[in-house]
Amino acid sequence: MSSTIHSVAFIGTGIMGAPIAGHLLDAGYGLTVHNRTKAKADALVARGAMWAPSPGEAASQADVVFTMLGYPTDVEEVYLDKGGIIAASRKGAWLVDLTTSSSQLARDIHDAAEVMDKHALDCPVTGGEQGAIDGTLTLMAGAAEADAAPILPLLECFSDTVYYVGAAGRGQTVKLCNQVALASAMVGYADALALAETAGIDGAQMVDIVSHGMGGSVALSKLAPRSVVGDYRPGFLVEHLRKDLGLALMQADDAGMALPGAQNAFDLYDALCKVGGSRLGTQAITLLYQDQETGASVGLDWSLLEQPAEHDHGHHHRDGRQH
Numbered sequence: 001m002s003s004t005i006h007s008v009a010f011i012g013t014g015i016m017g018a019p020i021a022g023h024l025l026d027a028g029y030g031l032t033v034h035n036r037t038k039a040k041a042d043a044l045v046a047r048g049a050m051w052a053p054s055p056g057e058a059a060s061q062a063d064v065v066f067t068m069l070g071y072p073t074d075v076e077e078v079y080l081d082k083g084g085i086i087a088a089s090r091k092g093a094w095l096v097d098l099t100t101s102s103s104q105l106a107r108d109i110h111d112a113a114e115v116m117d118k119h120a121l122d123c124p125v126t127g128g129e130q131g132a133i134d135g136t137l138t139l140m141a142g143a144a145e146a147d148a149a150p151i152l153p154l155l156e157c158f159s160d161t162v163y164y165v166g167a168a169g170r171g172q173t174v175k176l177c178n179q180v181a182l183a184s185a186m187v188g189y190a191d192a193l194a195l196a197e198t199a200g201i202d203g204a205q206m207v208d209i210v211s212h213g214m215g216g217s218v219a220l221s222k223l224a225p226r227s228v229v230g231d232y233r234p235g236f237l238v239e240h241l242r243k244d245l246g247l248a249l250m251q252a253d254d255a256g257m258a259l260p261g262a263q264n265a266f267d268l269y270d271a272l273c274k275v276g277g278s279r280l281g282t283q284a285i286t287l288l289y290q291d292q293e294t295g296a297s298v299g300l301d302w303s304l305l306e307q308p309a310e311h312d313h314g315h316h317h318r319d320g321r322q323h
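Taking the working numbering, the leading residue of the sequence shown gets 1, the next gets one more, and so forth.
Please note: incorrect hints may appear among the correct ones.
Listed below are the simulated EDC-like cross-link pairs for lysine to aspartate or glutamate, each with C-alpha atoms no more than 16 angstroms apart in a straight line [as the list claims (entries may be wrong)]: (1) 91 to 114; (2) 91 to 111; (3) 91 to 134; (4) 222 to 129; (5) 91 to 129; (6) 274 to 231; (7) 38 to 57; (8) 82 to 42; (9) 40 to 114; (10) 222 to 134; (11) 222 to 208; (12) 274 to 306.
Please keep in mind that the hints were generated in silico from the structure rather than gathered at the bench.
Let the hints inform the model, and build the full structure from the sequences given.
So this is what it looks like as structure tokens:
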């Protein structure tokens, strides 16, 4: 435990947040938790965490506040609203957002916190649910290493690698780079499984063979086996990857460039959300290649695609959701 940090607040105890918060509790930090759905924090409270009825109240007595939320709109509300984290937290407190969010919003939060003598940084993570459970996440901190040194002992509770990318917002951009590369890898293995099936090749065997070649990827090795056996339980939600890709496309638009691979992946994940797959794991992309009966068995409704098309990504909210 850091000698100068004793009390920690954790806001957002979902698929990723709950195990991360658990590691902080195991390390001996006094932990206060808040989640929009209280039941998702009950297990942590049973282990000794304190419950707070709002994000501001959770943050008010903490030396360090962590957030792991769903969308940038959630981040903006929790940090910047009246009575939110920035207003309610102590002077000198560290405010660490683990959410994958907007780089501009991260800069706005950092600047607002500094004016009030508080230290906010974006620190998105990668490694999925299993990485959170194992405490082996990779972190991308939007700060210089020396600046973030006081909270390193806490970050090490749930990660095995911390990268420092120098300035507020850059952590979010690097995470979006990860999501863009991941999404194209997901589409790639979904294509490969579909092609193998046309020739009667066993999907598991194809995955094993290709994973040892240049076509291999972490996505292929870890997620394709779930697709093969029809396990679509979420380690990372379809709707969250769609959100991340929307953010990447918006940032690319702002820079005057196109990301065709990311756009293709966004369109596919957007379609999967529209037919009812938003709360499935990202490996459910392979359902787009299956017959209607297979999709219906996990709650998909292909007729929903026949509804009028929504706007393209250029008209998305900053959080990646459509009007």
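Going down the list of hints, with the structure as the test:
1. 91 to 114: Measuring from Cα to Cα gives roughly 10 angstroms; hence the hint holds.
2. 91 to 111: holds (14 angstroms)
3. 91 to 134: violated (33 angstroms)
4. 222 to 129: With Cα atoms ~12 angstroms apart, residue 222 and residue 129 stay inside 16 angstroms; holds.
5. 91 to 129: Measuring from Cα to Cα gives roughly 33 angstroms; hence the hint is violated.
6. 274 to 231: Outside the cut-off at roughly 20 angstroms; violated.
7. 38 to 57: holds (14 angstroms)
8. 82 to 42: The hint is violated at about 27 angstroms.
9. 40 to 114: violated (32 angstroms)
10. 222 to 134: With Cα atoms ~15 angstroms apart, residue 222 and residue 134 stay inside 16 angstroms; holds.
11. 222 to 208: Measuring from Cα to Cα gives roughly 11 angstroms; hence the hint holds.
12. 274 to 306: holds (10 angstroms)
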